[in-house]
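Whole structure, please, built from the sequences with the hints as guidance.
Sequence lines, in order, name chains G and S. Reading the first sequence from the start, the letters are residues 1169 to 1303 in my numbering. Reading the second sequence from the start, the letters are residues 12 to 156 in my numbering.
Honestly, I wouldn't trust all of these hints.
No farther apart than 25 Å at their CA atoms in a straight line, the calculated lysine-lysine pairs in the DSS-like style are these [claimed, not checked]: (1) LYS116/S with LYS106/S; (2) LYS116/S with LYS1266/G; (3) LYS116/S with LYS39/S; (4) LYS106/S with LYS120/S; (5) LYS120/S with LYS1266/G; (6) LYS39/S with LYS120/S.
No lab work stands behind these hints, which were simulated from the structure alone.
Residue strings, one per chain:
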Amino acid sequence: MFFSLRELTLWLGVTVLEVFIWLTALLVTLVLVVLRVEDVTPGASWWLVLSPMFVADALNTYFCVIVLIRMYLDGDLKPAALRALWSFSVLTLGFTFKFLLCRRLAQPGHLEYSAVMSPVFILLQLILIRACHLN
Amino acid sequence: MLHRALFTWFLLLVFLILLALRLDERTKWNWFIVFIPMWFYDAILLIYIGIHIVNECRLTARGGGSGGAGLRGGVRQRAEAFLQRLWPLFVVVLKMAFMVALCLKLENKVSIPSYYVLLPLWALLAGLCGNVLHCLVLQHQDRYP
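This is the structure in structure tokens:
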């Protein structure tokens, strides 16, 4: 397509496994969203509906820690630190966005959507910096 | 790749700004207008994919005359190559179908259930999951043959 999987992983600084976990979690979340919106499960809270995304974040964090430890044991200190810094920044911003979104959906009128989306805008700036490093 | 990345990044930024403005009800724009950056991106994608398909078909037609060994294997390979060429087209068409259904639903033009709106996106995500899993398995086989 416009980008190959290899180009995307290079640009976004993630591995294929992380992409797979994220896509699977998104698919499950969207099924749960439809069940919630169509009142099949009216009692389910939005925290429960978005729980697959939080589980995916936890799995990706675990994977990043393992990669960090293995790179550290191999003696690649600087690349390990840079990779960990990038991965944890992305995961933290993603988690903050989902957390704020859940709060907004659970308590309408509590937060503005521009505030909810602010972590995504910060993430976009970081992605722009990475794009400028591409050749 | 840098130009493609910057182009994608810019359109995504504009779309997210429009989305935030519309969700906060600072504007009352039609949802189809909010999605204009995505329509533009999909149009560019369709042109890009179309050019690629035509180029590959021309290359295949040129090289198709030489070599007649393994007819059954050749037919299978061609079918696989054809599906691989059509896959990006399916992705864009499913994405566009989802966006049209979503805009219609949000504008209250037609009362369609949410599962019909999300059906193209589910199909798209399932296909992408399968594709990424396939790449993951190939990567594993290369590393541990």
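Against the structure, the hints come out as follows:
1. LYS116/S with LYS106/S: Distance of about 15 Å is within 25 Å: holds.
2. LYS116/S with LYS1266/G: holds (24 Å)
3. LYS116/S with LYS39/S: holds (16 Å)
4. LYS106/S with LYS120/S: It holds: about 20 Å lies between the C-alpha atoms, which stays within 25 Å.
5. LYS120/S with LYS1266/G: violated (30 Å)
6. LYS39/S with LYS120/S: holds (16 Å)
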